[in-house]
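Undergrad: Chain by chain, the residues run as shown.
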Amino acid sequence: MLELLWLIPAFPLAGFVALTLVGSRLSRPEVAYVGAGSVGLSAVVTLLVGLSFMAAPPAGGSFVQTLWVWVDVAGFRPAFAFHLDALSLTMIFVVTFVGFLIHLYSVEYMMEEEEGYSRFFAYMNLFVCAMLTLLLADNLMLLLLGWEGVGLCSYLLIGFFYKDEANSQAASKAFIVTRVGDTAMLMALFLLFAELGTLDIQALLERAGQQFQPGSGMATAVALLLLGGAVGKSAQLPLQTWLPDAMAGPTPVSALIHAATMVTAGVYLIARTHVLFTLAPAVLTLVAVIGTLTLLMAGFAALVQSDIKRVLAYSTISQIGYMFLALGVGAWSAALFHFMIHAFFKALLFLGAGAVIMSLHHEQDMYRMGGLRRQMPFTFWCFLIGSGALAAVPVVTAGFYSKDLIIWNAYNSEIGGVWLWAGALAGALLTSVYTFRMVFLTFYREATEWVRHLMPIHEPGPCVRIPLGVLAVLSVAAGVIELPHTMGSLTLFSGFLNTALPEYHGVHASYGTELLFELLAAAASLGGIWLVWTLVMASPGSMERIAAQPWARGLERLWFSGWGFDALYDALFVKPWLWCAKVNKDDFIDFFYRAVAFITETLHFVASMTQTGAVRWYATGIAVGAVVTVGLVIIL
Amino acid sequence: MLTEALTTSALLFVIGTFGVLVRRNAIIMFLCIELQLNAVNLALVAFSRYVGVEGQVFVFFVMTVAAAEAAVGLAIIISIFRHYRTVNVDNFNLLKW
Amino acid sequence: MSDAYLPILLIFGVSALNAVFMVALSHILNPRRPTPQKAMPYESGMIPLGDTRARFSVKFYLVAISFIVFDLEAVFLIPWAVEMRALGWSGFVAASIFVAVLTAGLVYEWKKGGLDWD
Amino acid sequence: MNPFSALTPIVLLGLTPLVLMLVISFHRSHRLAVVISLVGMALPLALLAGTATSAAPPLAPLLIIDGYALFYIGLLSTATMVVVVLSYGFLERVPGNREEFYLLLTLATFGCAVLTASNHFISFFLGLEILSVSLYGLVAYLRTTRTALESGIKYLILAAASAAFLLFGMALIYADLGTMDFTAMTSVLAAKTREPSVLLLGGFGMVIIGAGFKLAVVPFHMWAPDVYQGAPTPVTAYLTTVSKGAMVALLLRYGQYGGLLDYDSVASVLAVIAVLSMFLGNLLALLQDNLKRLLAYSSIAHLGYLLVAVIAASREGSHAVTFYLVAYFITSLGIFGIITALSDERKEADEISDYRGLFWRRPWVSGALSLMLFSLAGIPLTAGFVGKFYVLTAGVLSDLWALVILLVVSSVIGLYYYLRIIITMYLSAPEDPSSPLSATRRFSLPEGLVLAGLTVLLIWFGIYPAPLLSAIQAAVGSLA
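Just so you know, the sequences run in chain order A, B, C and D.
Numbering of the first sequence is given in numbering that gives the first Met the number 0, commencing with residue 0 and proceeding in unit increments.
Numbering of the second sequence is given in numbering that gives the first Met the number 0, commencing with residue 0 and proceeding in unit increments.
Numbering of the third sequence is given in numbering that gives the first Met the number 0, commencing with residue 0 and proceeding in unit increments.
Numbering of the fourth sequence is given in numbering that gives the first Met the number 0, commencing with residue 0 and proceeding in unit increments.
For the record, the hints were derived by calculation from the structure and aren't laboratory data.
Take these hints with a grain of salt, some might be off.
Said to hold, decoys possible - Sample of chain A residues facing chain B (criterion: CB under 8 Å; computed from the structure):
no.: 1; residue: G612
no.: 2; residue: A618
no.: 3; residue: T619
no.: 4; residue: A622
Said to hold, decoys possible - Calculated cross-link-like contacts (lysine to any residue; reagent style SDA-like; alpha-carbon spacing at most 20 Å):
no.: 5; chain 1: D; residue 1: K346; chain 2: B; residue 2: L93
no.: 6; chain 1: C; residue 1: K111; chain 2: B; residue 2: A74
no.: 7; chain 1: C; residue 1: K58; chain 2: C; residue 2: K110
no.: 8; chain 1: C; residue 1: K58; chain 2: B; residue 2: L93
no.: 9; chain 1: A; residue 1: K162; chain 2: A; residue 2: H360
no.: 10; chain 1: C; residue 1: K111; chain 2: D; residue 2: H29
no.: 11; chain 1: D; residue 1: K346; chain 2: D; residue 2: F442
no.: 12; chain 1: C; residue 1: K58; chain 2: B; residue 2: A67
no.: 13; chain 1: C; residue 1: K110; chain 2: C; residue 2: P78
no.: 14; chain 1: C; residue 1: K111; chain 2: B; residue 2: I77
no.: 15; chain 1: C; residue 1: K58; chain 2: B; residue 2: T85
no.: 16; chain 1: C; residue 1: K110; chain 2: C; residue 2: L61
no.: 17; chain 1: D; residue 1: K191; chain 2: D; residue 2: D261
no.: 18; chain 1: C; residue 1: K58; chain 2: B; residue 2: A66
no.: 19; chain 1: C; residue 1: K110; chain 2: C; residue 2: F69
no.: 20; chain 1: B; residue 1: K95; chain 2: A; residue 2: S607
no.: 21; chain 1: C; residue 1: K111; chain 2: D; residue 2: V22
no.: 22; chain 1: D; residue 1: K346; chain 2: D; residue 2: S443
Beta carbons are placed, not taken as given, at the ideal position from N, Cα and C, and that holds for glycine.
Let the hints inform the model, and build the full structure from the sequences given.
TA: Below is the structure:
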């Protein structure tokens, strides 16, 4: 069964090729069958492969399938090879299943668009293929191919409605900002190949363990550069600014790429190269700090957004911050657990938001929504479940188990401590506040004028409802595969992942403390919901009163703009850069390049003079060349 | 004797080469190329006296090839003359640069 | 080389030099005042009509081309003919193939009309 | 085993023009001529599979049919088949007799096959001249077009003159070594201990001239742009690929047997030629506006790259040369194929300006063309990249650092003009609707299939070069 592994990325690739080749000639249902079907097949194969992997785990906990070697020269031997272990299996499981559900959803969602139906599915299929390549890659070369591939697809899909210039600009912004991280990662690759002489990930990690001293400069440099790549792709501080703007893409894209899968590539990268990070403890701590700061920063920013998708975007940044925090404190499996649960509920939330947006004729402003609970009960319940999971409502949602694990580990780990724990807990409070602010604004309250104008509002069709339902069930039920000590201590998930990632060892573990901390986390979640209830529902207008305060207005503006990072970067990088470019328009370096161009062109014209078109001139050329050649051969 | 033969044939070859370079008439240029080939023939026949029969056999083939080349060359030159009314190669320079 | 032939070589040389000397001397010494009439080719006192170079039909070239190709046949056939007995049947087969290939060319030329004068 | 059965592929290739000639005499039909030439090229190809494993001993002193020769014969006759398919569409739109074109084409390929299998100066010269003489006819085939005639006479005079140089070189080497047989040369050279004589070196120099002319490397390159531009486009494709490929195959074999590359002075001269070709070729192409001319210049540069691997000459070098050649075949045939297929009765699509905005009218064609240009420029994931990569590796393994660095530098110049063409295709289409190239000509099915096949191969060998490489390794292995 494991030999079927190559089929998993092959199906979406075939879908992409088919759609680009003949997509324009297919009818929409045909496109839908090809587009969603290819990912569905790949999900089925993942299931088969996953079952046989778990039934009979291969020796060493990993299965390598080498398709072919690209070139084989002087030790440089990049292969098209896939590496399946518990880590990549978890990831591809999420990508194919959530990916399939989102494709299914798009079948209906994209039907409204006048054009680009097959283009959309072609890009989406290509994305899934690239993402799977990234996850399954056995060497960094192939991983880079997937990494750049998902970046490209993200760019194409953010700018999908390219006729609006703002969308194109958002796409460019995403591409350029992540490129900063990609450059760092590329440098890491060069450095690793130069130092260790291989790009094969497993061999590389092994050699790194032997050659690098823990805490040495080289290990720190490599880990820092890799972190740079991860931070860019996963929209963490300081490269988080692109993600909110990326919401310009169609909602399924936001769900698939900018919530569930691509943005977690950074998490995957760090987990995949965890040996390098353990060799650089300082960087690992930095990962935790970045995670904590990001989750707080994004949490505050989400509080004041009015666009429903931007709230979700900031919450994504914040939740990935949790994953980074978990990675930073060495709780590898906790990070992956949160990744999986997050993929379920965040996809659910985006799809739910998409359903709302769709029925409100592309209205994304929450202040213009309201009272949708009665109009769209199914969507409401699904959205509510997703929000519960996001806000980590205790016991009943999966989000509680995954997030609580991280919060507890932030305190309990050797690297962690009170500060990280406090940050994570504060983040949890913020999460439930902004989440339920969103729920109350959208679904409760009186229906706004705009909503009344559009009544009666219909529930979406089956292609949208099935993914919502499935994801809602998962958001509730998936938590039970990993239960804390206080609740029965079930470690199915971490036990599985520990075949690929190092086991987590807590330090302070005492039953009482853990219980206390869990209660605190639960209190933060529920307290947040209560707070919003009092502010939004119990006494309408109180929010406006707070917002009217001068200090609050300043804060709101700061948070609304995502802590002003855009303005900061604009002032710090873009403007000085443009200024330098303007000042240096005629500088020496330009002179150099222009001189090169000038000389080359001059040489071209001089050389062209020899092509006179006269036979006798050519014959003379040959004769002179003959004399010189023979002369040189004899003399030299 | 080998040196003399080589010198003669080299001289003939150089004369032929110069002919190709300085003459303008395509047919004469072609004749000069034939002269080059025949200079080599002379050398080959002379060498084969010392080192074996291969040289002489080669000469047969060279002669044949020269004839074929002359036939095709002449045909092309005729076509050119029909079209341009001249065989002066300096007039053919539509294609350049 | 025998010394006996030296006088003959000398005679050849002297007569050649003599001829060149006389032609060159008259060429150097004579006065040159060309007029169009004088520059005209001499055709027994008649005013020349048309180009001196007679144009002949391009068909001659075609015949010449055919001739060049086919007369080379002999170059390969004569060595075979001389050593026919030594070469035996394999030589005969080789020569036959050679002639057959040339015949194919001849057939082509015939059908194409290359042998027709008109 | 009958020793003649190994000769079957070459005999069949030789029979093809003969059969064509007889058929044309009695029944003229364009389609029939195409079919006969395709069959004539495909039959030996089918037989190659049977003979490839039998390491045939030299049957006649003139030819040696080893795996190496068979590989190249297969490559060259496949390329000829592509040219035949392209020629059909091309000749359909020109006046006059069409059938003789295929006669000359198959005859030229027969010459190439003799070249690749030759083990003797006689077969070397005969193969080369069969090729050249057929090419004179092909280049000047459109005998009512001035440019075709002009390029015909240029090619005729210059090729004949340089063949004379080659012949003189052969005579000199013969005088020194006393043999014309490649295999015998190896033993004579091995027995030699003293310094090489002037005769031998002079001979080598002149052989380089003859080969250099066919390969169009500096300073024997000047004919190439004029002839490329004036010749019918399928013939240009043939000149770029098959004619050069056969010469490279021979050069490798002669280099191996004849000791050409064992002398430092020869290697230095070849290095100078390689560097000059890379730079001059790329410089000349830089601002060229005629696509066919530009490709001639680019071909000069590419042969310069190829010479680097020839100089490296180690086993690695021969692999690199052959792989590079295959990649170059695919790419060049593809580009010239697209030029041919886009041209119509009114206009040949050979100006870069004709391609302005092509993407918006023919996205598929311009996509394929972009891929091919990427391959020429050596962008990763195309066959051209892998080829260039192997050439560079061969250079590095032989410590030819200066050459390798110069190769990379000149490739950068090359990138400029390839990108220039690509950008032109993606510009907005010219406003003038009566622009000469409407590019509305639909590709015929065979044309489309061939071009699609070439594009697929281009990507396939760029991503998965291993099978081709192992085939090459097996073939070149038999050369030693």
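Undergrad: With a cut-off of 20 Å on the C-alpha distance, tell me whether K58/C and T85/B pass.
TA: 18 Å, holds
Undergrad: Quick one, are K346/D and F442/D close enough, alpha carbons at most 20 Å?
TA: 16 Å, holds
Undergrad: Taking 20 Å as the top limit, are the C-alpha atoms of K191/D and D261/D close enough?
TA: 13 Å, holds
Undergrad: When the nearest CB of chain B is found for A622/A, is that gap smaller than 8 Å?
TA: 6 Å, holds
Undergrad: What's the verdict on K58/C and A67/B, does the C-alpha distance respect the 20 Å limit or exceed it?
TA: Given that 20 Å is the threshold and the Cα spacing comes to 18 Å, the pair holds.
Undergrad: Regarding the pair K346/D and L93/B, is the alpha-carbon distance no greater than 20 Å?
TA: 17 Å, holds
Undergrad: Please check whether G612/A passes as an interface residue: C-beta within 8 Å of a C-beta belonging to chain B.
TA: Check passed: Cβ of G612/A comes within 3 Å of chain B, closer than 8 Å.
Undergrad: Could you grab the alpha-carbon distance between K162/A and H360/A and see if it respects the 20 Å cut-off?
TA: 19 Å, holds
Undergrad: Need the status of pair K346/D, S443/D: alpha-carbon distance at most 20 Å?
TA: Holds, at about 18 Å.
Undergrad: With the threshold set at 20 Å, check whether the alpha-carbon distance from K58/C to A66/B stays at or below it.
TA: 18 Å, holds
Undergrad: Given the proposed pairing of K110/C with P78/C, does the C-alpha separation stay at or below 20 Å?
TA: 31 Å, violated
Undergrad: Is the straight-line distance between the alpha-carbon of K111/C and that of H29/D 20 Å or less?
TA: 16 Å, holds
Violated hints for the displayed structure, listed by number in ascending order: 8 and 13.
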